[in-house]
Every structure is written in structure tokens, then in C-alpha cells.
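As a plain string of letters, each chain reads:
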Amino acid sequence: MDMMKSHRHQRIGTLVAAALVAAGILASAAAQSAPSNLEGVWKIVAPTKTLKPISGSVPFTPQGRKQYEENKRLQAKGAYDDYDITLSRCNNPGVPRLMMTPERFKIWQRFGVVTFDFEWNRALRQIDASGQPPREDMLGRGLVPTMTGTSKGHWEGDTLVAETTNLSDRTLLDDLVAHTQDIKVIEHLRLLDPDTLEDRITIDDPAYFQRPWDAVLTYRRQPAAVFPEDVCLDRLEAHQPVFPPR
Amino acid sequence: MSKTETVSGSIKEFRWGAPHSSMVLIYLDKAGKQQVMSVVSGSPLAFSKQGLAPRDFHRGDKVTVTYHPNTSGGPGGAMATLTLPDGKTYKDSEAAAAGPPGAPAPPAAPPAQ
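So the protein lines, in turn, are chains A and B. Heads up: the first sequence is residues 0 to 245, going by numbering that gives the first Met the number 0. Heads up: the second sequence is residues 0 to 112, going by numbering that gives the first Met the number 0.
Pulled out of the complex, with its shape left as it was, chain A reads as follows (with noise of 0.2 Å):
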């Protein structure tokens, strides 16, 4: 009897192996259809806290202006809960302020999503490269905006291209800078070289500023790594940086 239990148990571990087997080749499969592969560990170049524009500076129609002096105000005060929670509270920074974490951060490509895990607070973000239609809205409000929107992705060429809205105003651009709920924020992400990736960043939103406008970001590959856990509530608590220097 024993002996019976003993194989049926040995069956199962068989079959469970070969699932795992199956759905690693699968996902596997999955990264490679994809025109270019992201994936791997990448930590931001210049560390900054602005998002600066390539050329000029940033284009604020008076609204915007306004709203961004009033944040100046606000850090001068100290009173960051204000204006800024992801300083008071570690608040998720949002799209495009969670490319700018000085930490690193991996990217998954699994069955058309492109899935960016931080190290920062374990925050994600993902951007849908399916081709899947738009969930439908069934109730024709689209409701409540977040912190990190909705992103929907496509590929041109070996270029990731990613278009997301539905962001919260409640998140910022960087340590300053103000959106409405009307943001478009526009990515193009590619690999400069096997171990370069670059996202070129479209900031549209007409409330805030008079045109569009573009800002580069650069990451260079790391070793693989599991990553630390890491809790910014934690660190508020120490009173150490929301965002550590690294």
C-alpha cells in the first residue's frame, strides 16, 4: 500500500515538473516573439530628481505655472504631504516619475506584457503589448484614474512603444512637477545596445503645458540579481530618504 502511494506520489512530482517545464518554455517563448527583448536588471545612469526636457525648458501654460510654483512653495514650507505624497507618504510615484527611481528595476516580457518591477517599494508597472482590445468599460465612465495609469503598448520595429493615460493627478512628473488627469505620457523604449536600454518620454497634457515635450532617460544593464525587499515606510519611519542615494 505504502509502495502504491509511494508511486502515485512520484507520478504527480513527474507532472507537476513537466507543467513547470511547459509553462517556462512557453514563457519563454513568449519574451522571444516579442521584436526586441527588454528583459534583464537595469539601474537609471544620472540618478535625478528632474525631468528635464532635451531642449528648453519646460513649456508651462499659466495653470501649470501656477500649480508648479505653489509646489515650490510647498518644498520650501517642508510641507510635503501638500503637494507631493509620495515624499509624505511613499505614495507610488506614478508613470513617468517611477523611471526615475535611483534603484534598479527588472523587466519581464510574458505573453505580450511588458512588466517593469521595481526595486523601489516592489512597485510595478506594466504595459500591455498584447494586442488585446481595450478592456471594455462597462459602464462607460472610466472612472477612477491611478497612480500608474493604464499603459498600451506596440512594437515599431525593435522600438517598444507606449502610450499611457488614466493617471491620477495625485502623482507628480518629478519632485515638482504637476499633471492633470488628462496627461498622455508617451514612451519609446529601445535598446541602444545590448546592454543600454533608453526611454524617450512625450509628456501631453494642454491643461499643464502649451505643447508637448520630450525628456530621455538611460539605463545601463546590471548582473542579474533578486532583488532586496525594500519598504519606504520603513525608511520614512528611520527618517532616512524616501528615495535612497545610491
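In case anyone wonders, no lab produced these hints; they're calculated from the structure. Predicted model, so just to flag it, every value in this text is computed and none were measured. All residues carry an ideal CB built from backbone N, CA and C; glycine is no exception. You may find that some hints are simply not true.
Facing chain B, according to a computed beta carbon distance under 10 Å, are these residues of chain A, among others [as the list claims (entries may be wrong)]:
hint	residue
1	66
2	67
3	80
4	142
5	143
6	177
7	179
The calculated lysine to aspartate or glutamate pairs, modelled on DMTMM-like cross-linking and capped at a C-alpha distance of 20 Å, are [claimed, not checked]:
hint	chain 1	residue 1	chain 2	residue 2
8	A	105	A	192
9	B	32	A	80
10	A	42	A	192
11	B	48	A	80
12	A	183	B	4
13	B	61	A	69
Given the coordinates of chain A, work out where chain B should sit on it, guided by the hints.
Here is chain B on its own, set in the frame of chain A:
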């Protein structure tokens, strides 16, 4: 829910969620000192049914709120009505309907300031 108070102030933050959202309001207390209170409200869908969406609420908007104060006596409570600067109003009729028989209906929303 037996008491209702009215306060005017400016929105610091609206935290949308289900089943409850909450509005953080900056207001002046009786001594004229700036204070902050949190007023719990319904889900986004409850607002949507009355023609309001998150994009109708902005930081700094001047609003008038009637609310059922916290039994603890701490600032804030449960939202009964809300009036936005453009005159749009919200009334928490769902919570009132779920109240015990004979509970008072929420008051009419005050006019915009």
C-alpha cells in the same frame, strides 16, 4: 448619523476607493485656526450615479460639506452632502437608504459659495 454638521473648506485630497472614498478637507475651526478633517464617502460609482467623476474634484477646490460627525469627537465624519464650486451637488442617499427605519434623510445640499 443622528447629528449633521456643515463645514466649508478646500479640498486637500480625494482618495477614491471602493466601497469607501474619503475627502481630506482643509477648514478653519471656530478659533479661526486651519485644521484638516477626513470625511468618508461612497465609492466612485455612487458619485458617478449622480453625474460626478474624479475629474470634477481638484486640490484647492472650495466646497461645502454636510457630514455626520465622528462619535469619537475627532474632526471629520461621514459625508451626507457635498456642494462643489460650480454648484454641482452630491447626496449620500445610498447610505441614508441603508440606515435604520426612521433614520433622518440627508439634508439638502447647501448652495455653492
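Against the structure, the hints:
1. 66: holds, 9 Å
2. 67: Interface hint status for residue 67 of chain A: violated (13 Å vs cutoff 10 Å).
3. 80: holds, 8 Å
4. 142: For residue 142 of chain A, the interface hint holds, since the closest Cβ of chain B sits about 5 Å away, which is under 10 Å.
5. 143: holds, 5 Å
6. 177: Holds - the Cβ of residue 177 of chain A comes within 10 Å of chain B, reaching about 9 Å at its closest.
7. 179: Since chain B brings a Cβ to about 8 Å from residue 179 of chain A, closer than 10 Å, the hint holds.
8. A:105 <-> A:192: Roughly 17 Å between the alpha carbons, so the hint for residue 105 of chain A and residue 192 of chain A holds.
9. B:32 <-> A:80: The hint holds at about 19 Å.
10. A:42 <-> A:192: This hinted pair holds, its Cα atoms lying about 15 Å apart.
11. B:48 <-> A:80: violated, 31 Å
12. A:183 <-> B:4: violated, 40 Å
13. B:61 <-> A:69: holds, 17 Å
In summary, the numbered hints that this structure violates are 2, 11, 12.
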